[in-house]
Amino acid sequence: MPRLIKAIEPFRFYTRLHLSELTGLRASNLSQLLSVVKQVPGACIYHHTHRFLQQHQYLSPEPPNDFAYWVSKVLGEDELGEELASIDTIQFSTVRSLRDKIIATIEDYLKNNMSAKLKFAGEGEEFHFIKSVSFVLPTNYIAYDLIEFVDIVKKVTIDSIYFHIFESRLRLERKTNDFSNWVETSIGDKELSDSISRLDPYIHTLEDLRKTIINIVEQKLRD
Amino acid sequence: MANIEEYTPIVGQSIIDDLRLLAEKLKGKVIQHINSTAVGGGVAEILSCMVPLLRELGVDTKWDVIKGGEHFFEVTKKFHNALHGRPEEITQHDFDIFLETSQKNIEALDIYGDIVFVHDPQPIALIKKKTGNKWIWRCHIDVSNPNQRVWKFLENFIINYDSAVFSAPSFSQRLPIRQFLISPSIDPLSDKNKELPQKTIDSVLRKYNIKKDKPIITQISRFDRLKDPIGVIEAYKQVKKYFDCQLILAGGGAADDPEGAQVLKEVMARSEQDKDMHILLLPQDDIVVNALQMASDVIVQKSLKEGFGLTVAEALWKSKPVVASNVGGIPLQIKHKYSGLLCHSIDGASFAIKQFLANPEYAKKLGQNGMEHIRNNFLITRHIREYILLFLSLYHKEDIVYL
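Chains L and F are the protein sequences, given in the same order. The first sequence runs 22 to 244 under our numbering. The second sequence runs 43 to 445 under our numbering.
These are computed hints drawn from the structure, not numbers from a lab. Where hints are given, some of them may not hold.
As the list claims (entries may be wrong) - No more than 20 Å apart at the CA atoms, straight line, and that leaves these computed lysine to aspartate or glutamate pairs for EDC-like:
id : chain 1 : residue 1 : chain 2 : residue 2
1  : L       : K232      : F       : E414
2  : F       : K283      : F       : D244
3  : F       : K236      : F       : E87
4  : F       : K171      : F       : D204
5  : F       : K377      : L       : E146
6  : F       : K377      : L       : E144
7  : L       : K175      : F       : D59
8  : F       : K307      : F       : E116
9  : F       : K109      : F       : D59
10 : F       : K379      : L       : D87
11 : F       : K172      : F       : D106
12 : F       : K236      : F       : E414
13 : F       : K379      : L       : E146
14 : L       : K176      : F       : D59
15 : L       : K140      : L       : D129
16 : L       : K176      : F       : E47
17 : L       : K94       : L       : E144
18 : F       : K379      : F       : D339
19 : F       : K317      : F       : D244
20 : F       : K69       : F       : D156
21 : L       : K176      : F       : E48
22 : F       : K254      : F       : D339
23 : F       : K377      : L       : D129
24 : F       : K120      : F       : E301
25 : F       : K377      : L       : D87
26 : L       : K59       : F       : D441
27 : F       : K379      : L       : D99
Unchecked claim - To spell it out: a stretch of chain L is covered by chain F in this simulated footprint if at least three of its residues, at any positions, have a beta carbon under 8 Å from a beta carbon of chain F; those stretches are:
id : stretch
28 : 43–54
29 : 149–160
30 : 166–178
Quick reminder that beta carbons are idealized off the backbone N, C-alpha and C, glycines included.
Kindly produce the complete structure, drawing on both the sequences and the hints.
In structure tokens:
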């Protein structure tokens with residue numbers, strides 16, 4: 022077995038807990054949805070594109086996107102719903118650029134489907150805009166090498182996994198997820214770092230994601 | 043009363059560790075909850091469980107109850123119904139009664155919390171005592187379509203709070219203060235939700251003279267028109283044509299709900315001596331409620347309006363198939379055809395009940411999915427976490443808070 026590399030800098034696990042803040046803003050049709058999407062804070066776009074990941078963690082991955090769900094299930098615009106659901110969130114490094122893509126997708130659809138403007142949600146089925154308020158705090162878990170790292174990944178909350186994979190990258194605008202970054206810069210293992218950053222976290226449930234990361238790292242430790 | 047460590051096998055050690063980390067951040071702050079009843083109803087139930095757990099986590103938490111006579115609670119019940127959108131005649135005299143009792147409470151109640159957490163409209167006027175401390179108004183009611191006269195009256199108080207909390211997105215209003223979405227929760231270790239031995243369930247059934255010889259459909263709710271007990275009876279009668287089943291309508295009263303006796307009378311009249319209908323006015327006995335839910339084959343919550351509908355979470359936690367109205371906080375708990383069946387009418391309810399009775403495997407699967415959904419989203423540990431975050435949010439205005 023190769024010598025275990027001690028990290029240059031230890032990895033401190035953080036966790037991210039959130040509160041949902043109501044804005045009082047709502048939409049009953051596609052035009053209203055588009056108009057509000059353009060003006061709400063980024064924290065709102067973030068909430069509606071990531072909420073599913075945490076709330077339905079035991080379902081097979083759903084579209085991580087409230088807009089897609091509402092457009093399909095409530096307005097019956099399945100085609101647009103599919104387009105919104107298949108936006109490749111991992112390709113966007115900022116919430117701003119993700120918002121732009123959502124706006125462009127809806128605008129394009131409305132141009133070609135004028136009648137879609139005439140569809141209204143029934144009473145009680147409006148889209149309610151919510152924003153995510155994140156609270157980031159350090160946990161007591163610190164890893165000094167990959168064995169400690171994988172042991173901790175097995176037991177931290179999924180909120181912690183979520184923070185280091187999703188929130189740090191997109192919302193805090195770091196270039197990659199925190200795990201990949203640490204493996205590359207502190208352990209010096211570019212190959213392992215790339216394997217983790219190649220994962221598309223949006224197509225896994227959070228528990229799945231945890232298992233996949235554990236498998237990748239344990240495989241590396243065995244090699 | 044369970045201590046916090048006893049939740050570890052249910053939610054995992056790391057969730058409990060997070061609560062301890064968060065609780066430390068509130069050191070030195072006193073939280074004062076205020077509501078209108080110490081027993082009966084969802085608010086008192088949650089506070090009974092939450093206050094000791096918060097204390098155990100090191101959050102200095104107290105709970106006070108306002109006083110109000112018969113007239114005051116009649117008025118607040120009218121407010122409650124009107125906020126739910128039910129037609130109610132509300133006179134200036136009603137507002138005067140409300141303000142008069144509120145003034146007495148303002149004079150009598152000691153406000154000592156760094157954070158004062160006021161639940162529902164009854165104690166809302168206490169905000170007049172606000173000084174340099176933080177105040178939160180927690181609305182447990184479905185105010186998606188409120189009577190505007192009552193809402194405007196209350197709004198004069200609400201705008202002076204620091205934050206408001208609602209149970210479902212559709213309840214939010216345009217307000218000049220921050221509003222948060224926090225769902226209520228159930229306590230998996232309480233008498234109402236813990237696992238019961240079969241002999242306890244059997245003895246409760248014997249006590250109420252219920253035989254387990256045919257499927258049991260149950261709605262547990264206060265006898266309140268908004269819970270639509272008559273609608274449940276109608277749905278049961280439709281099902282009964284095809285399935286030989288029995289119905290349990292069971293519930294207690296709440297100290298702040300003077301209307302219950304009249305509704306119970308109407309329900310009794312509609313039961314028309316059907317020996318398979320069991321109308322039970324229960325004393326405050328959570329083991330009985332638990333046993334009735336456990337003994338049921340299908341659980342119904344056919345509310346016309348619902349603040350949240352914790353009975354749905356209770357039933358799902360017991361892996362029961364649930365048929366419930368698509369109102370208030372219920373769609374947050376039930377994803378149609380995944381963790382239960384949603385309905386919009388008596389016909390819809392009876393159709394869904396029949397689907398469950400005819401397909402026990404389907405019913406079982408949805409019940410199991412429901413239990414996992416409750417474990418992830420509607421247990422007391424999640425609720426405690428969000429309340430602590432809410433308290434912390436009073437001192438942080440930004441969208442990303444580093445603690």
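Going through the hints against the structure:
1. A distance of roughly 19 Å separates the Cα atoms of K232(L) and E414(F); the hinted pair therefore holds under the 20 Å criterion.
2. Proximity of K283(F) to D244(F) is assessed by CA-CA distance (about 27 Å); at most 20 Å being required, the pair is judged violated.
3. The hinted pair formed by K236(F) and E87(F) meets the criterion: a straight-line CA distance of about 15 Å does not exceed 20 Å.
4. Distance hint between K171(F) and D204(F) is fulfilled; the C-alpha atoms sit about 13 Å from each other, no more than 20 Å.
5. At roughly 14 Å between alpha-carbon atoms, K377(F) and E146(L) fall within 20 Å of each other, so this suggested pair holds.
6. Proximity of K377(F) to E144(L) is assessed by CA-CA distance (about 18 Å); at most 20 Å being required, the pair is judged to hold.
7. Taking the CA atoms of K175(L) and D59(F), the gap is about 15 Å. The hint holds against a cut of 20 Å.
8. Between K307(F) and E116(F) the CA atoms are separated by roughly 18 Å; this keeps the pair inside 20 Å, and the hint holds.
9. Between K109(F) and D59(F) the alpha-carbon distance is near 38 Å, which puts this suggested pair outside the 20 Å criterion.
10. At most 20 Å may separate the alpha-carbon atoms for a hinted pair to count; K379(F) and D87(L) meet this at roughly 18 Å.
11. Among the hinted pairs, K172(F) with D106(F) is consistent with the structure: their alpha-carbon atoms are about 16 Å apart, no more than 20 Å.
12. Restraint check for K236(F) and E414(F): satisfied, since their Cα atoms lie roughly 15 Å apart, inside the 20 Å limit.
13. Only pairs whose Cα atoms come within 20 Å are accepted, and K379(F) paired with E146(L) is accepted, the gap being roughly 18 Å.
14. The straight-line distance between the Cα atoms of K176(L) and D59(F) is roughly 11 Å, inside the 20 Å bound, and the hint therefore holds.
15. Only pairs whose Cα atoms come within 20 Å are accepted, and K140(L) paired with D129(L) is accepted, the gap being roughly 17 Å.
16. Taking the CA atoms of K176(L) and E47(F), the gap is about 17 Å. The hint holds against a cut of 20 Å.
17. In summary, the hint linking K94(L) to E144(L) is supported, as the alpha carbons are separated by about 14 Å, within the 20 Å threshold.
18. For the suggested pair K379(F) and D339(F), the alpha carbons sit about 17 Å apart, so the restraint of at most 20 Å is met.
19. For the hint linking K317(F) to D244(F), the alpha-carbon distance of about 19 Å falls within 20 Å, and the restraint holds.
20. At roughly 11 Å between alpha-carbon atoms, K69(F) and D156(F) fall within 20 Å of each other, so this suggested pair holds.
21. Using a Cα cut-off of 20 Å, the hinted pair K176(L) and E48(F) holds, with the two alpha carbons roughly 18 Å apart.
22. With a CA separation close to 10 Å, the supplied pair K254(F) and D339(F) stays within the 20 Å bound.
23. Between the alpha carbons of K377(F) and D129(L) the distance comes to roughly 31 Å, so the proposed pair goes past 20 Å and is violated.
24. About 10 Å separates the Cα atoms of K120(F) and E301(F), which keeps this hinted pair within 20 Å; it holds.
25. At most 20 Å may separate the alpha-carbon atoms for a hinted pair to count; K377(F) and D87(L) meet this at roughly 14 Å.
26. Our distance criterion of 20 Å between C-alpha atoms is met by K59(L) and D441(F), whose separation comes to about 18 Å.
27. Proximity of K379(F) to D99(L) is assessed by CA-CA distance (about 19 Å); at most 20 Å being required, the pair is judged to hold.
28. Look at the stretch 43–54 of chain L against chain F: 3 of its residues bring a Cβ nearer than 8 Å to a Cβ of that chain, three or more, so the hint holds.
29. For the stretch 149–160 of chain L, the assignment as covered by chain F holds, since 10 residues bring a beta-carbon within under 8 Å of that chain's beta-carbons and 3 suffice.
30. A count of 3 residues in the stretch 166–178 of chain L with a Cβ less than 8 Å from any Cβ of chain F is obtained; the coverage claim is therefore met, three being the minimum.
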